[in-house]
Amino acid sequence: MPLAWLVIIVLAIATAGYVVGRSRALSAAGGNARGLHSLPVYYGANVALKIIVPAFGIMILWLLAQPWVIERSVATIIPDSAVAEGSNRGLVMAEVRRTASGIVNAVASGEMSRDVAEEQPGDLEEFTQRLKDAGQVVTSTLSAPVVAAAQRYNVLSATGALYMAGLVVLASLAGLVFGISESRPDFRARNVVEQGVRALLIGAASIAILTTLGIVLSLVFNTIEFFRLYPASHYFFSLEWAPSFSGRGGSSELGVLPLLWGTFYISIVALIVAVPIGLFAAIYLSEYASHRTRAFAKPLLEVLAGIPTIVYGLFALLTVGPLLVSVFGDGGLLGVDWQGGGRAVITAGGVMGIMLIPFVSSLSDDIINAVPQAMRDGSYGLGATKSETIRQVVLPAALPGIVGAVLLAASRAIGETMIVVLGAGAAARLSLNPFEAMTTVTAKIVSQLTGDSDFASPEALVAFALGMTLFILTLGLNVVALYIVRTYREQYD
Amino acid sequence: MTDTLSQTPDAPRKSASLHTQDARTKKRNAAEARFKFYGLTAIAIGLFFLVVLAVSIVRSGLPAFTQAVVNVEFTLTKEQFDDAESQLFKTKAYSGFFNAALVERLEASGIETEFDEKAVERILGKTGGTIREYFRENQGELGSPVAFSLATSSRVDGYLKGRVTRENMEDSRFLQRADLDLVDDLQAAGILKQAFNWNFITGADSGVDNPGGAGIGASVVGSFFMMLVVLFLSLPIGVAASIYLEEFAPQNRFTDLIEVNISNLAAVPSIVFGILGLAVFIQFMHLPQSAPLVGGLVLTLMTLPTIIISTRASLKAVPPSIRDAALGLGASKMQAVFHHVLPLAMPGILTGTIIGLAQALGETAPLLLIGMVGFVARGYPDGFVAGFTEPNSAMPAQIYTWAARADVGFYEKAWGGIIVLLLFLLTMNIIAIILRRRFERRW
Numbered sequence: 100m101p102l103a104w105l106v107i108i109v110l111a112i113a114t115a116g117y118v119v120g121r122s123r124a125l126s127a128a129g130g131n132a133r134g135l136h137s138l139p140v141y142y143g144a145n146v147a148l149k150i151i152v153p154a155f156g157i158m159i160l161w162l163l164a165q166p167w168v169i170e171r172s173v174a175t176i177i178p179d180s181a182v183a184e185g186s187n188r189g190l191v192m193a194e195v196r197r198t199a200s201g202i203v204n205a206v207a208s209g210e211m212s213r214d215v216a217e218e219q220p221g222d223l224e225e226f227t228q229r230l231k232d233a234g235q236v237v238t239s240t241l242s243a244p245v246v247a248a249a250q251r252y253n254v255l256s257a258t259g260a261l262y263m264a265g266l267v268v269l270a271s272l273a274g275l276v277f278g279i280s281e282s283r284p285d286f287r288a289r290n291v292v293e294q295g296v297r298a299l300l301i302g303a304a305s306i307a308i309l310t311t312l313g314i315v316l317s318l319v320f321n322t323i324e325f326f327r328l329y330p331a332s333h334y335f336f337s338l339e340w341a342p343s344f345s346g347r348g349g350s351s352e353l354g355v356l357p358l359l360w361g362t363f364y365i366s367i368v369a370l371i372v373a374v375p376i377g378l379f380a381a382i383y384l385s386e387y388a389s390h391r392t393r394a395f396a397k398p399l400l401e402v403l404a405g406i407p408t409i410v411y412g413l414f415a416l417l418t419v420g421p422l423l424v425s426v427f428g429d430g431g432l433l434g435v436d437w438q439g440g441g442r443a444v445i446t447a448g449g450v451m452g453i454m455l456i457p458f459v460s461s462l463s464d465d466i467i468n469a470v471p472q473a474m475r476d477g478s479y480g481l482g483a484t485k486s487e488t489i490r491q492v493v494l495p496a497a498l499p500g501i502v503g504a505v506l507l508a509a510s511r512a513i514g515e516t517m518i519v520v521l522g523a524g525a526a527a528r529l530s531l532n533p534f535e536a537m538t539t540v541t542a543k544i545v546s547q548l549t550g551d552s553d554f555a556s557p558e559a560l561v562a563f564a565l566g567m568t569l570f571i572l573t574l575g576l577n578v579v580a581l582y583i584v585r586t587y588r589e590q591y592d
Numbered sequence: 026m027t028d029t030l031s032q033t034p035d036a037p038r039k040s041a042s043l044h045t046q047d048a049r050t051k052k053r054n055a056a057e058a059r060f061k062f063y064g065l066t067a068i069a070i071g072l073f074f075l076v077v078l079a080v081s082i083v084r085s086g087l088p089a090f091t092q093a094v095v096n097v098e099f100t101l102t103k104e105q106f107d108d109a110e111s112q113l114f115k116t117k118a119y120s121g122f123f124n125a126a127l128v129e130r131l132e133a134s135g136i137e138t139e140f141d142e143k144a145v146e147r148i149l150g151k152t153g154g155t156i157r158e159y160f161r162e163n164q165g166e167l168g169s170p171v172a173f174s175l176a177t178s179s180r181v182d183g184y185l186k187g188r189v190t191r192e193n194m195e196d197s198r199f200l201q202r203a204d205l206d207l208v209d210d211l212q213a214a215g216i217l218k219q220a221f222n223w224n225f226i227t228g229a230d231s232g233v234d235n236p237g238g239a240g241i242g243a244s245v246v247g248s249f250f251m252m253l254v255v256l257f258l259s260l261p262i263g264v265a266a267s268i269y270l271e272e273f274a275p276q277n278r279f280t281d282l283i284e285v286n287i288s289n290l291a292a293v294p295s296i297v298f299g300i301l302g303l304a305v306f307i308q309f310m311h312l313p314q315s316a317p318l319v320g321g322l323v324l325t326l327m328t329l330p331t332i333i334i335s336t337r338a339s340l341k342a343v344p345p346s347i348r349d350a351a352l353g354l355g356a357s358k359m360q361a362v363f364h365h366v367l368p369l370a371m372p373g374i375l376t377g378t379i380i381g382l383a384q385a386l387g388e389t390a391p392l393l394l395i396g397m398v399g400f401v402a403r404g405y406p407d408g409f410v411a412g413f414t415e416p417n418s419a420m421p422a423q424i425y426t427w428a429a430r431a432d433v434g435f436y437e438k439a440w441g442g443i444i445v446l447l448l449f450l451l452t453m454n455i456i457a458i459i460l461r462r463r464f465e466r467r468w
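Chains as they are written, first to last, in this note's numbering: chain E, 100 to 592; chain H, 26 to 468.
Next comes chain E alone, as it looks inside the complex:
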């Protein structure tokens, strides 16, 4: 039975419960709502809540637990001999899962009869071929334990789904009976419902914590797995980044330093572009610009922040890169041969700088506006010009906030992905030349995880270690930046 039907059944029972609970409470009070403790709708809502919350709770828990339980039970029937040399149990289980879903799909599309799918196949090659004919991707001829495990997997999944459906329907019926029995006129329905709603609200708010927890756990576990396969000292101190694509060769050199260098270099170039332009724009907008200029220029600048990063990436790859080559490249305008290809640090950094201009300018704008007018007036009263006031009074007062804004921009630059994937190149290098292609942490996360690699090899797992590095870096920058901004704000409020 598909999940959607189960959801619909529970919702239908809940609707019925709502109607019955409401009318039962009303009739118990003799049809007069004044005889009830709460408004009639609360009696209905009480019944509906008692049905929906346990039913969906069981459903979600079951769905989370089932694959895990089945996996453990199926894994025991695979003998150690079925795990090939150089492979591991995780890989075999992945094949089992693929085969299991392949069989289910083949049966669903009518290419394979139910009996064939469930019986032990006599001829494995024929069985594999039938799966291939049904359009299910099966790499090579399946081994007997894998097929047996896959069939067991399907049987267990089907029984599990059946049990779950039964349990969920039972739970909702129990909720229905219990809720209706509660619907008496003196029952404090409103208080109960409001308690329930409050609990749901708290649950929604906790999703933020769960998300952070999910990020940290998924990074930590995979990073530990990575360091089990690859020495940490090499990861942190090796000056070379050269993953081997052969799979489990052990010949990969996965040093993070070249990637970190590329990340920082590109971010610095981006900040060199964004900070002066953004800061001067903010100063002009908040101190000089007329109301009309401000109303016109500020939203237009902020359009730059609303453009998706893929657009900037394409802009770097196809417009800015070739343009820079035509200036700095061989036979270019300057007659120097500095830049070999469009993908370079300066391409990615420059375009990222453009993206960050509105980020720096709106944050600085807010901070400059927060400097009290009395400080400016004092400076003007002493005969200072506007620019002198800005340089010697406003900016020093706003400095902590501006530093915070720059740090936030830096954290954005470090975490930016699409611009560097398209504009910065793929070669990891430790070099000072801004016209050379370099690569970054984010670009390598994408390239290591988008291939056909399996998740058990160090070449794929390194992406999680890179993600962890990135997460800690940006988190640290954000915490420092927010701390600086907050301390500064306290001075004038």
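Errors might be hidden in some of the hints.
Keeping only pairs whose Cα atoms sit at most 27 Å apart, straight-line, the calculated DSS-like set for lysine-lysine is [unchecked claim]:
#1 Lys61(H) / Lys51(H)
#2 Lys485(E) / Lys61(H)
#3 Lys397(E) / Lys61(H)
#4 Lys485(E) / Lys397(E)
#5 Lys52(H) / Lys485(E)
#6 Lys51(H) / Lys485(E)
#7 Lys52(H) / Lys143(H)
#8 Lys397(E) / Lys341(H)
If you are wondering where the hints come from, they were derived from the structure by calculation, not from laboratory data.
Dock chain H against the given chain E, drawing on the hints supplied.
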């Protein structure tokens, strides 16, 4: 100012006039003008970049919406049809009829160009197959003129758009220089024309060697299903979380923890959310890879902080007197919030949600990690439920896939895809602005 103190008191002050500026005043005024000029320049540079970006998008992207087609009116008689069907090389026979019609058309317009079947094939692809298919399905139209509109190969298309020129092209089995003369003649005769490329709007991704047939339609559908997931999860969850934090949460450690988490999540790089999606939704929960459902879940987690922050702002903007009045009339706290505060804050919440959705729509990096890359988008999903679970791509991921391909013909498609994406974003933002203008209330 410190400068005034540094003057020695003994030196006799020059008689200063308000009308003539002394050197120091001039210097200070010049510095003032310079400073102001720097500010103006910075704004001008920012706006200049915006204009350059807009111009390069429009200029490089518009050609994706047109396609060179050959319009030939072509009559196939019943005898010719039967004749062709009886032959061994059926499509070749059809090609022969078509080429004869083409020669006739060219001669009628006063141009005589020698060309062979191979040249037509290089320009138009294999015409015979298309024609045979059409007439086999519409046998009733045998004998009456049918207007065929056949798309040219992507290189001919590029020649008309200026991407391919006689100088930069090399003779190959795809196109030869001599063919360009025929193309010129066809164009002069009005047979070859630029037409609106509907396939780009409605089609799906094509193979790596066929940039002409690539369309963005399938990935628009993928994006749509993803946005449905984001809307139906992030709006209720975000509003519920904001209501709790703004109206009910006591000042304690737990509340602080939630607040810190939300502000940190808002600044976590999007690719980290992609890693989360890969590890939790695909590795751990075994949800289908490349499915819009998973993409929607990841983007939901990503947009939640944005929606919570804007929802809290609009809840805060509802004056306390509204709550007090409701409480004074005997409403419970929950009733005051849900019956009075929330409806008043709704326009602000919707505006924030639309802006959050627009952000999610343009996000690429996390989608690449969960497998929603462009070449997955080979067709439309089979139905509504399949739309969530069948592998598909999304607009920005499709654009990335095109940009990463070697064939230059795909770059044009990538720019065109960006125009489509930006049109969606523009519409969403305009709706948000209208909502804000229309329903914004000042208390």
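Taking the hints in turn, this is what the structure says about them:
no.	hint	verdict
1	Lys61(H) / Lys51(H)	holds, 15 Å
2	Lys485(E) / Lys61(H)	holds, 9 Å
3	Lys397(E) / Lys61(H)	holds, 17 Å
4	Lys485(E) / Lys397(E)	holds, 21 Å
5	Lys52(H) / Lys485(E)	holds, 14 Å
6	Lys51(H) / Lys485(E)	holds, 14 Å
7	Lys52(H) / Lys143(H)	violated, 77 Å
8	Lys397(E) / Lys341(H)	holds, 25 Å
In terms of the numbered hints stated before, the structure departs from hint 7 and from no other.
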